[in-house]
Amino acid sequence: MFRATIRVRSGRREELIEVTREVAHALAAGAANDGIVTLFVPHTTAAVTINENADPDVQHDMVAFLQRLVPSDAGFRHAEGNSDAHIKASLVGPSVQVPWVDGQLGLGRWQGLYFCEFDGPRTRELQVFVG
Amino acid sequence: MFRATIRVRSGRREELIEVTREVAHALAAGAANDGIVTLFVPHTTAAVTINENADPDVQHDMVAFLQRLVPSDAGFRHAEGNSDAHIKASLVGPSVQVPWVDGQLGLGRWQGLYFCEFDGPRTRELQVFVG
Amino acid sequence: MFRATIRVRSGRREELIEVTREVAHALAAGAANDGIVTLFVPHTTAAVTINENADPDVQHDMVAFLQRLVPSDAGFRHAEGNSDAHIKASLVGPSVQVPWVDGQLGLGRWQGLYFCEFDGPRTRELQVFVG
Chain A
30 MFRATIRVRS GRREELIEVT REVAHALAAG AANDGIVTLF VPHTTAAVTI NENADPDVQH
90 DMVAFLQRLV PSDAGFRHAE GNSDAHIKAS LVGPSVQVPW VDGQLGLGRW QGLYFCEFDG
150 PRTRELQVFV G
Chain B
30 MFRATIRVRS GRREELIEVT REVAHALAAG AANDGIVTLF VPHTTAAVTI NENADPDVQH
90 DMVAFLQRLV PSDAGFRHAE GNSDAHIKAS LVGPSVQVPW VDGQLGLGRW QGLYFCEFDG
150 PRTRELQVFV G
Chain C
30 MFRATIRVRS GRREELIEVT REVAHALAAG AANDGIVTLF VPHTTAAVTI NENADPDVQH
90 DMVAFLQRLV PSDAGFRHAE GNSDAHIKAS LVGPSVQVPW VDGQLGLGRW QGLYFCEFDG
150 PRTRELQVFV G
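Residue numbers (our numbering), protein chains in the order written: chain A, 30 to 160; chain B, 30 to 160; chain C, 30 to 160.
Just so you know, these hints were derived from the structure itself, not from any lab. In this text the structure is predicted, and so the values were computed from the model without any measurement. Beta carbons are placed, not taken as given, at the ideal position from N, Cα and C, and that holds for glycine. Be aware that a few hints might be false.
What the hints assert, rightly or not - The calculated label-pair distances, taken between Cβ atoms and stated as ranges, are:
{"hint": "1", "chain 1": "A", "residue 1": "ASP131", "chain 2": "C", "residue 2": "ASN62", "range": "25 to 33 Å"}
{"hint": "2", "chain 1": "B", "residue 1": "SER101", "chain 2": "A", "residue 2": "VAL130", "range": "30 to 38 Å"}
{"hint": "3", "chain 1": "B", "residue 1": "GLY104", "chain 2": "C", "residue 2": "ASP131", "range": "45 to 53 Å"}
{"hint": "4", "chain 1": "B", "residue 1": "HIS54", "chain 2": "A", "residue 2": "GLY132", "range": "43 to 51 Å"}
{"hint": "5", "chain 1": "C", "residue 1": "ARG97", "chain 2": "A", "residue 2": "ALA108", "range": "36 to 44 Å"}
{"hint": "6", "chain 1": "A", "residue 1": "GLY40", "chain 2": "C", "residue 2": "ALA83", "range": "41 to 49 Å"}
What the hints assert, rightly or not - Computed list of chain B residues with no C-beta within reach of chain C, every gap over 12 Å:
{"hint": "7", "residue": "THR34"}
{"hint": "8", "residue": "GLU44"}
{"hint": "9", "residue": "GLY64"}
{"hint": "10", "residue": "GLY110"}
{"hint": "11", "residue": "SER124"}
{"hint": "12", "residue": "PRO128"}
{"hint": "13", "residue": "ARG138"}
Could you put the whole structure together from the sequences, leaning on the hints where they help?
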């Protein structure tokens, strides 16, 4: 099984950080030429998704929508004040798959891979597996 | 690695289109008898999910709920007017797994596979992988 | 392909039930030492996710948030009265991946595996696959 870890440094409480290039680079360094890549986030207040990478407004709109959908002050019980981040993490999800075909990420024309920070700024990990 | 592509033609801006039969047919044509199937959507305004296939009202209710949850005119920045579709795509997700056991889809009794169109009508692709 | 089924008994209409130990136990009984684990829910009103397992308030806050987000009486068409559960199932998702490395679940420090019941109480299944 191929395995790599990518470090991600977030700069704000909530943001989407593109990691397409970093993931492709990690795979090119050692993975076989074909397989299904699993991206896994070992954190409970962050997530991973695939979305448009042409217009940064898409990432902005998603962060702003999730802030309105799950306000951080919505009367939660969890005393650390980051229940919103835990909920966003499960809505977006901790894992996603992407094809790796002939040594290339099999993304659609407009797709990019995004690490989703919901309780930063922090230093985070994104794990990359094949097979 | 087994790989197939299914064409999906949506007829409305937003709808769930069942693809269970098409996916099973593609797998039967060439996949080994056992494995985990990954369904992957190479688009940024569509998604894939698994849900009830007995009552079409379930699909209707989901589309209607997502329309209310993420209105298309909610003051987004992205100028193409489809930020709602990008957000719905990440909430539902671009990939899902389903077991393939003894040459059959290992779905629960009421489950069907659904391509989720959020910015149609368009001709779309759903990619099917095993291994 | 390694395959196991875990029985889950929910006690309420909506709750998150931790299954980390049960999944690890099933894997230890027969899976190879390394691989990507796929957890699959063969139901249409339940889901699976990964979230914090230190403070039970996080699970409470997530259930309460989803109840407010998708009220069960929101004027749905589906006559069985559980459209909210079907929608929650697709928002959280029927499958998730987790690494299995050197015979251990590769979870982050605060992560646990959760079966998400949205239309209980019922006896449910969670399927575990590797490879």
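Right, here's what the structure says about each hint:
Take ASP131 of chain A and ASN62 of chain C: their Cβ atoms lie about 29 Å apart, and the range 25 to 33 Å holds. The hinted window of 30 to 38 Å between SER101 of chain B and VAL130 of chain A holds, with their beta carbons roughly 34 Å apart. Distance hint for GLY104 of chain B and ASP131 of chain C: a CB-CB separation of about 49 Å, consistent with the stated range 45 to 53 Å. Taken as a hint, the range 43 to 51 Å is violated for the pair HIS54 of chain B and GLY132 of chain A, whose Cβ atoms sit roughly 29 Å apart.
ARG97 of chain C and ALA108 of chain A have their C-beta atoms about 20 Å apart, which leaves the hinted 36 to 44 Å range violated. Between GLY40 of chain A and ALA83 of chain C, the C-beta spacing of about 26 Å breaks the proposed range 41 to 49 Å. Every CB of chain C lies more than 12 Å from the CB of THR34 of chain B, the least distance being 21 Å, so the non-interface label holds. For GLU44 of chain B, the non-interface assignment is confirmed: its Cβ lies about 14 Å from the closest Cβ of chain C, beyond the 12 Å cut-off.
With a cut of 12 Å on Cβ distances, GLY64 of chain B falls inside the contact zone with chain C, its closest approach being about 6 Å. Every CB of chain C is more than 12 Å from the CB of GLY110 of chain B (nearest about 23 Å), matching its label as outside the interface. Here SER124 of chain B does not stay apart from chain C, with its beta-carbon only about 9 Å from theirs, under the 12 Å limit. Not every CB of chain C lies more than 12 Å from the CB of PRO128 of chain B, the least distance being 6 Å, so the non-interface label is violated.
Remark: the non-interface label on ARG138 of chain B conflicts with the geometry, its nearest Cβ contact in chain C lying 8 Å away (cut-off 12 Å).
Hint violations for this structure: numbers 4, 5, 6, 9, 11, 12 and 13, all remaining hints satisfied.
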